[in-house]
Every structure is written in C-alpha cells, then in structure tokens.
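Enquirer: What follows is the residue order along each chain.
Number of protein chains: 2
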Amino acid sequence: MRLTEEQITRYHEDGFLLVESALDEQEVERLRAAFLRDCEVPGPQVIREESGDRVRAVYASHHRQPEYAGLIRDPRVLGPVRRLLTDDVYVYQFKINAKPAFGGEKWSWHQDYAAWRIADRLPAPSQVNVAVFLDTVDEFNGPVIFLPGSHRSGLVRDGRSAEAKSAQHLDPDDIALAPEQLSALVAERGMVSPKGPAGSLVFFSPEIVHGSAPNMSPFPRRLLITTYNDTSNLPRWAGEPRPDYVVCRDNEPLRVLDVPFLQALEGANA
Amino acid sequence: MRLTEEQITRYHEDGFLLVESALDEQEVERLRAAFLRDCEVPGPQVIREESGDRVRAVYASHHRQPEYAGLIRDPRVLGPVRRLLTDDVYVYQFKINAKPAFGGEKWSWHQDYAAWRIADRLPAPSQVNVAVFLDTVDEFNGPVIFLPGSHRSGLVRDGRSAEAKSAQHLDPDDIALAPEQLSALVAERGMVSPKGPAGSLVFFSPEIVHGSAPNMSPFPRRLLITTYNDTSNLPRWAGEPRPDYVVCRDNEPLRVLDVPFLQALEGANA
Chain A
1 MRLTEEQITR YHEDGFLLVE SALDEQEVER LRAAFLRDCE VPGPQVIREE SGDRVRAVYA
61 SHHRQPEYAG LIRDPRVLGP VRRLLTDDVY VYQFKINAKP AFGGEKWSWH QDYAAWRIAD
121 RLPAPSQVNV AVFLDTVDEF NGPVIFLPGS HRSGLVRDGR SAEAKSAQHL DPDDIALAPE
181 QLSALVAERG MVSPKGPAGS LVFFSPEIVH GSAPNMSPFP RRLLITTYND TSNLPRWAGE
241 PRPDYVVCRD NEPLRVLDVP FLQALEGANA
Chain B
1001 MRLTEEQITR YHEDGFLLVE SALDEQEVER LRAAFLRDCE VPGPQVIREE SGDRVRAVYA
1061 SHHRQPEYAG LIRDPRVLGP VRRLLTDDVY VYQFKINAKP AFGGEKWSWH QDYAAWRIAD
1121 RLPAPSQVNV AVFLDTVDEF NGPVIFLPGS HRSGLVRDGR SAEAKSAQHL DPDDIALAPE
1181 QLSALVAERG MVSPKGPAGS LVFFSPEIVH GSAPNMSPFP RRLLITTYND TSNLPRWAGE
1241 PRPDYVVCRD NEPLRVLDVP FLQALEGANA
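Quick mapping for you: the protein sequence lines, in order, are chains A and B. Using our numbering, the first residue of the first sequence is number 1, and each one after it goes up by one. Using our numbering, the first residue of the second sequence is number 1001, and each one after it goes up by one.
These are computed hints drawn from the structure, not numbers from a lab. From the three backbone atoms N, C-alpha and C, an ideal C-beta is built for every residue, glycine too. Please note that a few of the clues may not be correct.
If you want a taste of the chain A side facing chain B, the calculated C-beta under 8 Å gives, among others [what the hints assert, rightly or not]:
| # | residue |
| --- | --- |
| 1 | 101 |
| 2 | 102 |
| 3 | 139 |
| 4 | 179 |
| 5 | 183 |
| 6 | 193 |
| 7 | 211 |
| 8 | 213 |
| 9 | 214 |
| 10 | 216 |
| 11 | 218 |
| 12 | 234 |
| 13 | 237 |
| 14 | 256 |
| 15 | 259 |
Taking CB as the label site, the calculated pair distances span [said to hold, decoys possible]:
| # | chain 1 | residue 1 | chain 2 | residue 2 | range |
| --- | --- | --- | --- | --- | --- |
| 16 | B | 1183 | A | 173 | 26 to 32 Å |
| 17 | A | 178 | B | 1269 | 40 to 46 Å |
| 18 | B | 1180 | A | 266 | 37 to 43 Å |
| 19 | B | 1042 | A | 173 | 33 to 39 Å |
Pairs of lysine-lysine residues, derived as BS3-like cross-links and limited to a Cα-Cα distance of at most 25 Å, are as follows [to be verified]:
| # | chain 1 | residue 1 | chain 2 | residue 2 |
| --- | --- | --- | --- | --- |
| 20 | A | 106 | A | 95 |
| 21 | B | 1106 | A | 106 |
| 22 | A | 106 | B | 1195 |
| 23 | B | 1106 | B | 1195 |
| 24 | A | 195 | B | 1095 |
| 25 | A | 95 | A | 195 |
| 26 | B | 1106 | A | 195 |
| 27 | B | 1106 | B | 1095 |
| 28 | A | 195 | A | 106 |
| 29 | B | 1095 | B | 1195 |
Isolated chain A, as found in the complex:
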C-alpha cells in the first residue's frame, strides 16, 4: 500500500490519517486469535484491570506471536511509516489495549511524546504511531478522539503533574492538558474521532493531542498500537530504564516484507 501525496499531506496537516479496511477479515481473525493466545502467556507484560481479572493491555506481542512479528513489517504498515518518518525505523513500543466492555477507563487528553520525553528521555518526537482496529470502532465503544492539527503546537504541557501516581509508569492523567489549554485548542481545531471496520489503520503523530471516552458497549474494543521510532533517536535513560516489554531494545532498522504478513507466514510454513 503506497500512500498518495494527498494522504501524506493530510497526515502532516492533521496529525493523523485513517486508512479504512487496510487488512481483510481473515487477517483480522488471525490477529485476534494471536492476541487471545498472547493473553495466556504469563508475565508482567499482561496488564489486568484494577477491578476484576480482565486483560486491560498486553505489551510486546510481536516478540512472541509470529502474526505480529509479520504485521509490524507488513508493506501496508511499515511502508507508509517509512514514507511519513524515515527509512530507518524500529519498534519502540507495541501494545494492544483491550478497552473492556461497559466502561474501560477514559483516557485524559494528552500528547504521547510528553510521556516519552519524561520517561525515556527520547530526544525528539521522531515517531509514528500506527493503530490497527481489531474490532469495529464506532461512536459507542470509546474511539480515540483527536484535535486535528494540534501536533503543530508542539508540546502544550511540558512536565508532569505533582500528583503523579508512579515514578516509573506514566499515567495520561500525569501529563493531561489543563482545562484552559484544551478549551483553547478545541475552540481552534475541533475534535475528530476516526471510525471504521476492523482492519482499518490510523497513523498518528506522537505530538497530536488525543483522548478517549469509556467503552459504553457490551463488547470489548481491542486496539493495537505500534510506535515506530527513528533509529537515530534512541532513549537516553539517566536512571533505571523502563522494562523491555514497555520500551523495546532491538533498534535494528526494520525491513519491509515483500508480501502481506499472512502470505509471508504461510510461505515460511510451506
């Protein structure tokens, strides 16, 4: 999948780009199966909800599940990322958020790069996020909401809240925009939430202001987010680095597969 010039311009203007139904149903089905399998692998990379035993998120599945190892190199995913950022990128973070039915927390309005600058001392916002819808995203199940163009304001809030819950794990609340900052941005830029069938992709900037409402539906809303970083922009930890399932250490530049990930997998298994 090659992005058109118009799509590239729109990404840089708006700070995000929706590509509907980039993956087909069979591929999504395989990704969901791999996610369920990955939830059963014991370890700290499986994050559970505070109340109850349901899985809230899983990190670094591309290290354990061949479908995800393929997906992050898929021409429809990695191809556009290289067009939008640079040829030499690696996966800085990989997570699947299973926004559970009836709630799932809302995410406060924030910019990703604010967190990464603090937690990992990433020198520059040279990242591209790719969200993959593992379920249909609609207005009811807690879609991500973007303030279009807000990435062009740079870091709106610099620093974290005095009431931060943990030194190691950044909570969006720690870096949430102040009400007056958000009011001004929304008045200027409005809000947009990309929706679409499972298999859709959203490319988005590490500096775009975004948040999400809870999931009001009775079904989980699973969203995979891979963050690619420029290989020349590595973390510069001062103290203890964050765990390697949160911040991946392998920073070799990724090579794009010649074919979609399922075909590549089947070729490898043939």
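Once you've looked at the hints, dock chain B against the given chain A.
Expert: Just chain B, lined up with the frame of chain A:
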C-alpha cells in the same frame, strides 16, 4: 407543532423521537439565561458535583422561572406529549442536567420507570420524557444513547442493587442492567444516540433502556428533561414521599399555550 402519523408510529416503535431545532436560537438563549439565574437560587434543588462546586443538576426550575413555566406548556412540547400519552398530563419531574466539561459522570444503562416504580410506586409506565438540548449535542459531549425498541421488552431488571447507596435517592447504578441483559439487547437492537443543534427535542419512553458516556469536551452539555405523567397514575407512597422538587405535587392537567412560550411571556408582560 403537530406530530405526523409517521412520527407517532416511530415513537411507539423505537421508544424515542428526535425533532431537530424545534426551538429557535433566541428561545434557547432565554432558556440558558433562566438556567443561570436558577442556579443562583439557594436550596436543596441545586445539586453540586461531588468534587468541586460546579452545578451538576437543578430540579423544578419551572416553579421559579417563567420561561420554564411557559416551556412545559408550549404547543411544541406539550402538544406532542398529549398525542403520545393522553390529554390529561402533569409534570411529574423537571430537571436540568449540566453535564460538566471533561468528564461529567457516565450514566449506567437503565430504564427510568424501574426507578420511579421503586421510589414513588408509580403504578404504570404512563409517562413521556421530553429532553430539550440547551447546547448542541454531538458525539463528544456525552449524548444519551438509546437501545431502539427496548421499551417494548418491559422492565428488564426488576428491583435494585443490593449495594444501593441511599434508600431515598436512586442512582442509575442501583438499577443498572446486568451485562448479559445488555449484551442480548444490544445484539438484537443496536444503539442510537440522537444528536442535533441546541433547541432540538427528544421525546422518549420511560421504559427505553438508555445510558450516556462522559462529556469529553471542554464545554458543559446542558440537557433539560421534563417528565409528564398521566394524572390518573399518581405516586402511591408507602412511607415518606420524595421531596417536592424531585417529584412535583401539582397534578392538575396542563393546558397547552396558544402560542410559543416566549410570545406568551411577552404577551403577559405587555
């Protein structure tokens, strides 16, 4: 405003009916001004947020503000109610929910009549709710979400939660549908959230299952809800009745104004 036969059929089929922009901008402006005035009247009818001092809701403003006394008798509001219910109706409850910016609580999935049957021993679900948008309602500011047709299932959940917070005040959580009840209903009926400009109306059944997400926007979303009840269907309190600002005592049948409420007000002031 007369409802068409099609609108009446749709109300009975779906359990709700949206009428966009029934009131004009000047009328909405006057209603907002009356709301701000009413928030300043001291008394238990002004409910504040648990955290902070912001107004969460105000009850029975039609007893204090002439704009609201007119509105509940306005031909565009009371006319349709009489078509949908019966000629002899009175206002059982009047409230304005000011869903505050950045949050405002979500409302769990529930049926209004479940609460009123328990709290006031209302014999039958012979009510019509009329919601008036005092602000534009969009997908971001916590619109009410309906399960179309769910009012035809009767009371899905009969009784309240064992963990009810208060004997007197019913919380939607007390009567929230169980997850499996909601999953079944959503699978069958889907979800719909009526949106529209300020001045739009939504007529809805006391038995329709509904909920709402938090308000993610930086602006309040004020929604007025008047509940009309059949005058032959009065509360039958066993113990202490609920306060008269929550459940209005005046059950004389309401007469429809000949003209819109602002015209009537200006006539009265002339």
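Enquirer: Taking the hints in turn, state whether each one holds.
Expert: Structure-based check of each hint:
For residue 101(A), the shortest C-beta to C-beta distance to chain B is roughly 7 Å, which falls under 8 Å, so the interface hint holds. Interface hint at residue 102(A): satisfied, since its Cβ lies 6 Å from the closest Cβ of chain B, which is below the 8 Å cut-off. For residue 139(A), the interface hint holds, the least distance from its beta-carbon to any beta-carbon of chain B being 5 Å, beneath 8 Å. Given the 8 Å rule on beta carbons, the hint for residue 179(A) holds: about 6 Å separates it from the nearest Cβ of chain B.
With a cut of 8 Å, the hint placing residue 183(A) at the interface with chain B holds, because the nearest CB-to-CB distance is about 4 Å. Restraint check, residue 193(A) versus chain B: the minimum CB separation of about 7 Å is within 8 Å; hint holds. Look at residue 211(A): its Cβ gets to within about 6 Å of chain B, closer than 8 Å, so that hint holds up. The interface hint given for residue 213(A) holds, since its Cβ lies 5 Å from the closest Cβ of chain B, which is under the 8 Å cut-off.
With a least beta-carbon distance of about 6 Å to chain B, the hint placing residue 214(A) at the interface is held under the 8 Å criterion. The beta carbon of residue 216(A) is positioned within 8 Å of a beta carbon in chain B (closest approach about 5 Å), and the interface hint is therefore held. Among the interface hints, the one on residue 218(A) holds; its C-beta lies about 4 Å from the nearest C-beta in chain B, closer than the 8 Å criterion. Because the smallest distance between the Cβ of residue 234(A) and any Cβ of chain B comes to about 34 Å, over 8 Å, the interface hint for this residue is violated.
For residue 237(A), the interface hint is violated, since its Cβ never comes within 8 Å of a Cβ in chain B; the closest pair sits about 33 Å apart. For residue 256(A), the shortest C-beta to C-beta distance to chain B is roughly 36 Å, which exceeds 8 Å, and the interface hint is violated. A cut of 8 Å between beta carbons decides the hint on residue 259(A): the least distance to chain B is about 37 Å, and the hint is violated. About 30 Å separates the C-beta atoms of residue 1183(B) and residue 173(A), a value consistent with the hinted range of 26 to 32 Å.
Here the CB-CB span from residue 178(A) to residue 1269(B) is close to 44 Å, well matched to the stated 40 to 46 Å. Judged by the Cβ atoms, the range 37 to 43 Å given for residue 1180(B) and residue 266(A) holds: they are separated by roughly 38 Å. At roughly 34 Å, the beta carbons of residue 1042(B) and residue 173(A) sit within the given window of 33 to 39 Å. In summary, the hint linking residue 106(A) to residue 95(A) is supported, as the alpha carbons are separated by about 17 Å, within the 25 Å threshold.
At most 25 Å may separate the alpha-carbon atoms for a hinted pair to count; residue 1106(B) and residue 106(A) meet this at roughly 10 Å. Distance check on the hinted pair: residue 106(A) and residue 1195(B) sit about 21 Å apart at the alpha-carbon level, within 25 Å; holds. The suggested pairing of residue 1106(B) with residue 1195(B) holds, with an alpha-carbon distance near 17 Å, which does not exceed 25 Å. Annotation: proposed proximity of residue 195(A) to residue 1095(B) is violated, straight-line Cα distance about 34 Å (limit 25 Å).
Annotation: proposed proximity of residue 95(A) to residue 195(A) holds, straight-line Cα distance about 19 Å (limit 25 Å). Taking the CA atoms of residue 1106(B) and residue 195(A), the gap is near 21 Å; set against the 25 Å cutoff, the hint holds. Of the supplied pair hints, the one linking residue 1106(B) and residue 1095(B) holds, its CA atoms being roughly 17 Å apart against a limit of 25 Å. For the suggested pair residue 195(A) and residue 106(A), the alpha carbons sit about 17 Å apart, so the restraint of at most 25 Å is met.
Our distance criterion of 25 Å between C-alpha atoms is met by residue 1095(B) and residue 1195(B), whose separation comes to about 19 Å.
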